[in-house]
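**Student:** Each chain, written out:
Number of protein chains: 4
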Amino acid sequence: MASVMNIEKLLALAVFSLTVISSVSHKSWAEEIPLPVKVLVAYHSLTGNTERMAEAVVEGAKSVPGTIVVLKRVGQVTAEDLFSSDAVIVGSPVYWSNMSGEVKTFFDNWQFKFGIFPEFKMKNKVGAAFATGGQISSGKEVTMLTILAAMLGNQMIVVSGGGAFGASATTEGDSAGIDEKELTNAKALGQRVADVAKLISRSSSH
Amino acid sequence: MASVMNIEKLLALAVFSLTVISSVSHKSWAEEIPLPVKVLVAYHSLTGNTERMAEAVVEGAKSVPGTIVVLKRVGQVTAEDLFSSDAVIVGSPVYWSNMSGEVKTFFDNWQFKFGIFPEFKMKNKVGAAFATGGQISSGKEVTMLTILAAMLGNQMIVVSGGGAFGASATTEGDSAGIDEKELTNAKALGQRVADVAKLISRSSSH
Amino acid sequence: MASVMNIEKLLALAVFSLTVISSVSHKSWAEEIPLPVKVLVAYHSLTGNTERMAEAVVEGAKSVPGTIVVLKRVGQVTAEDLFSSDAVIVGSPVYWSNMSGEVKTFFDNWQFKFGIFPEFKMKNKVGAAFATGGQISSGKEVTMLTILAAMLGNQMIVVSGGGAFGASATTEGDSAGIDEKELTNAKALGQRVADVAKLISRSSSH
Amino acid sequence: MASVMNIEKLLALAVFSLTVISSVSHKSWAEEIPLPVKVLVAYHSLTGNTERMAEAVVEGAKSVPGTIVVLKRVGQVTAEDLFSSDAVIVGSPVYWSNMSGEVKTFFDNWQFKFGIFPEFKMKNKVGAAFATGGQISSGKEVTMLTILAAMLGNQMIVVSGGGAFGASATTEGDSAGIDEKELTNAKALGQRVADVAKLISRSSSH
Numbered sequence: 094m095a096s097v098m099n100i101e102k103l104l105a106l107a108v109f110s111l112t113v114i115s116s117v118s119h120k121s122w123a124e125e126i127p128l129p130v131k132v133l134v135a136y137h138s139l140t141g142n143t144e145r146m147a148e149a150v151v152e153g154a155k156s157v158p159g160t161i162v163v164l165k166r167v168g169q170v171t172a173e174d175l176f177s178s179d180a181v182i183v184g185s186p187v188y189w190s191n192m193s194g195e196v197k198t199f200f201d202n203w204q205f206k207f208g209i210f211p212e213f214k215m216k217n218k219v220g221a222a223f224a225t226g227g228q229i230s231s232g233k234e235v236t237m238l239t240i241l242a243a244m245l246g247n248q249m250i251v252v253s254g255g256g257a258f259g260a261s262a263t264t265e266g267d268s269a270g271i272d273e274k275e276l277t278n279a280k281a282l283g284q285r286v287a288d289v290a291k292l293i294s295r296s297s298s299h
Numbered sequence: 094m095a096s097v098m099n100i101e102k103l104l105a106l107a108v109f110s111l112t113v114i115s116s117v118s119h120k121s122w123a124e125e126i127p128l129p130v131k132v133l134v135a136y137h138s139l140t141g142n143t144e145r146m147a148e149a150v151v152e153g154a155k156s157v158p159g160t161i162v163v164l165k166r167v168g169q170v171t172a173e174d175l176f177s178s179d180a181v182i183v184g185s186p187v188y189w190s191n192m193s194g195e196v197k198t199f200f201d202n203w204q205f206k207f208g209i210f211p212e213f214k215m216k217n218k219v220g221a222a223f224a225t226g227g228q229i230s231s232g233k234e235v236t237m238l239t240i241l242a243a244m245l246g247n248q249m250i251v252v253s254g255g256g257a258f259g260a261s262a263t264t265e266g267d268s269a270g271i272d273e274k275e276l277t278n279a280k281a282l283g284q285r286v287a288d289v290a291k292l293i294s295r296s297s298s299h
Numbered sequence: 094m095a096s097v098m099n100i101e102k103l104l105a106l107a108v109f110s111l112t113v114i115s116s117v118s119h120k121s122w123a124e125e126i127p128l129p130v131k132v133l134v135a136y137h138s139l140t141g142n143t144e145r146m147a148e149a150v151v152e153g154a155k156s157v158p159g160t161i162v163v164l165k166r167v168g169q170v171t172a173e174d175l176f177s178s179d180a181v182i183v184g185s186p187v188y189w190s191n192m193s194g195e196v197k198t199f200f201d202n203w204q205f206k207f208g209i210f211p212e213f214k215m216k217n218k219v220g221a222a223f224a225t226g227g228q229i230s231s232g233k234e235v236t237m238l239t240i241l242a243a244m245l246g247n248q249m250i251v252v253s254g255g256g257a258f259g260a261s262a263t264t265e266g267d268s269a270g271i272d273e274k275e276l277t278n279a280k281a282l283g284q285r286v287a288d289v290a291k292l293i294s295r296s297s298s299h
Numbered sequence: 094m095a096s097v098m099n100i101e102k103l104l105a106l107a108v109f110s111l112t113v114i115s116s117v118s119h120k121s122w123a124e125e126i127p128l129p130v131k132v133l134v135a136y137h138s139l140t141g142n143t144e145r146m147a148e149a150v151v152e153g154a155k156s157v158p159g160t161i162v163v164l165k166r167v168g169q170v171t172a173e174d175l176f177s178s179d180a181v182i183v184g185s186p187v188y189w190s191n192m193s194g195e196v197k198t199f200f201d202n203w204q205f206k207f208g209i210f211p212e213f214k215m216k217n218k219v220g221a222a223f224a225t226g227g228q229i230s231s232g233k234e235v236t237m238l239t240i241l242a243a244m245l246g247n248q249m250i251v252v253s254g255g256g257a258f259g260a261s262a263t264t265e266g267d268s269a270g271i272d273e274k275e276l277t278n279a280k281a282l283g284q285r286v287a288d289v290a291k292l293i294s295r296s297s298s299h
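Chains as they are written, first to last, in the working numbering: chain A, 94 to 299; chain B, 94 to 299; chain C, 94 to 299; chain D, 94 to 299.
Please note that the accuracy of each hint is not assured.
Since copy identity is lost for identical chains, a pair holds within one copy or between any two.
Listed next, the in silico PhoX-like pairs over lysine-lysine satisfying Cα-Cα at most 25 Å (straight line) [unchecked claim]:
hint: 1; residue 1: K216; residue 2: K131
hint: 2; residue 1: K274; residue 2: K214
hint: 3; residue 1: K216; residue 2: K274
hint: 4; residue 1: K155; residue 2: K216
hint: 5; residue 1: K155; residue 2: K131
hint: 6; residue 1: K165; residue 2: K214
hint: 7; residue 1: K206; residue 2: K216
hint: 8; residue 1: K214; residue 2: K131
hint: 9; residue 1: K165; residue 2: K131
Honestly, the hints are just simulated from the structure, not real lab data.
Excised from the complex, chain A in its bound form (with noise of 0.2 Å):
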């Protein structure tokens, strides 16, 4: 009888244990355990400018708990490298008012080189864009929305940061180089997308 009791004590507390465990399970964990989202930072560069900006969106991006960066020059990504992230954003210098040959190159590789179509493998996963270029108005805006368009065409969700595109830099005339309130814009872009990423990786987690 008392093992019977026992028996009976146990179940007891089984329930009374798993209805708690439901009960707190899903709220705490996705709020103070955040599943981590994986962001990829890729990008060109010929001078160290954009460079520069890709370092500053992967401190944004790491600024939010939670975040895996990684940061590859374009040439350097992997299908895995792809697959693998909840987010993608893309950097590339301005050349004749659109991005660099190299990034064109590389978007066109998610083709050729990584089969992404027709399966439509990065739907759903995070874009965004960043820039940097000799003038003002003389194509960095093309080169951001150029590689949004390449993003929407493959089913991605896009977003803006540090600026209305994305962030970007001027790195000649007036102002050289890149400066503390456009590597602030790099920073934020970064921010952005990862807590965009994150919420969007939590919801499809469910």
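On the provided structure of chain A, position chains B, C and D as indicated by the hints.
**Tutor:** Below, chains B, C and D without anything else, positioned relative to chain A:
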């Protein structure tokens, strides 16, 4: 016997508890009783073509359970319509390779009339676009991209659907009016936006 | 005899005169007394920034000998203004990453009010754009590109000047208002357009 | 008799003079023996679709009397090809809503290999674009517009033709490959560019 009865009762209770826990727990609640998301479809139409597309976008959005859809001409949209929405889908005919003056004025009014700036009151709402135009490659892409650009400047989260930039229809020439394939794309856009809005709304509401 | 001599003299004079007139006529007339070309500068301005740029564009165009320049707000432009011009330069403030509703409506009116389609009445006229915007990389490029796109759809001949897409000014932040460099770019745009309009007008009139 | 002889001589001289004047004068020379203009058509093609369009563009340009046309793949174009041309028409397949990496790299090489900057060696040459893409409204406009943007940055004089931004073809779906209407548009583009190049070349040669 009593103890056996108790064990049976306890087991029954355990099963019941697990059922209740399950039905209340986040996963099932989110999937079976989703939070309603509100999608605003705003359009301008002179000939009725863009209106037909708008109606198909509405149909697509409504096909996602728990979605409330509001359909309005851009001139009828109020600040309350905008601020209470989780997603906004804007459609325009192509006039000279861009959205119509009516749609552009609608966006200008976000600031001049509705005062969404500088607080970025549309932040994190989902945005998308659709367009109709007489000819192929004569402005539908630019119309959709510039609608999305306006949304990105508002810190909205932007998606495509039913096409690389959104849903579109060619209304003159060999394919006059709106055909079935174009309506299917419009529905796909509505559904895509509702899906993403739900994803983000669910996560944000935690 | 005397009269015959006189006839000889007169004929000689006639031949000489024709030779002189002819040899001098075409070249000098085209190069030294150029056909006047008419440049229309049309703009929208709320704060006065785009107006200041417009005035500098006018100044630049006037610096080219034989150029007649008309400066008007977009709402004041008539069909006659458009059709009698050899070149049209349109300027807009950036509202949500695009030209203002006023400027967009102006372009829509080319069709709705002025009936330039389907005869393409603006064909072969020179077109160009300028823009002012609060921030760097927040829509000035898109504004100018979409103005140019509207012109291309009208079979106009499009040029830049004073910048990669046209002249532009950043009016807030560190560089509030319109500075000297921006005015210089606006003048360069006006001059560039007048130069190209002259080139084309001269050739067309042969 | 002497005076009659003189009159005859003078008349003969007058006729001779007028003939000489006429043959030398600009008008007749320019209209009857036009300066040849050189049009370079440069393209990238993987499947042959863009190549077929390129050939039709060539055909259209050749239909304008006094036009010399050179057809080359972008990778084959030399600095001499560029600098000796009066007009350049660039064609690309759409890869992810933009020109292909090959075409983008071609433009980058204008600077890196051919050294056209900072002297703006392409200034005042006529530029135009064509594109092929699998779907309607999935990047052909952006591809053409960004080709034109690269040309505008080079201070070229830009035109459309055979469509609002240039000639384009949809190569998959209901309208697989290149159809007659699309070839007609490609020819119209070639003709348009040759016409404008002639207009400008003739005037510049004064």
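**Student:** Report the numbers of all earlier hints that the structure fails to satisfy, in ascending order.
**Tutor:** No numbers; nothing is violated.
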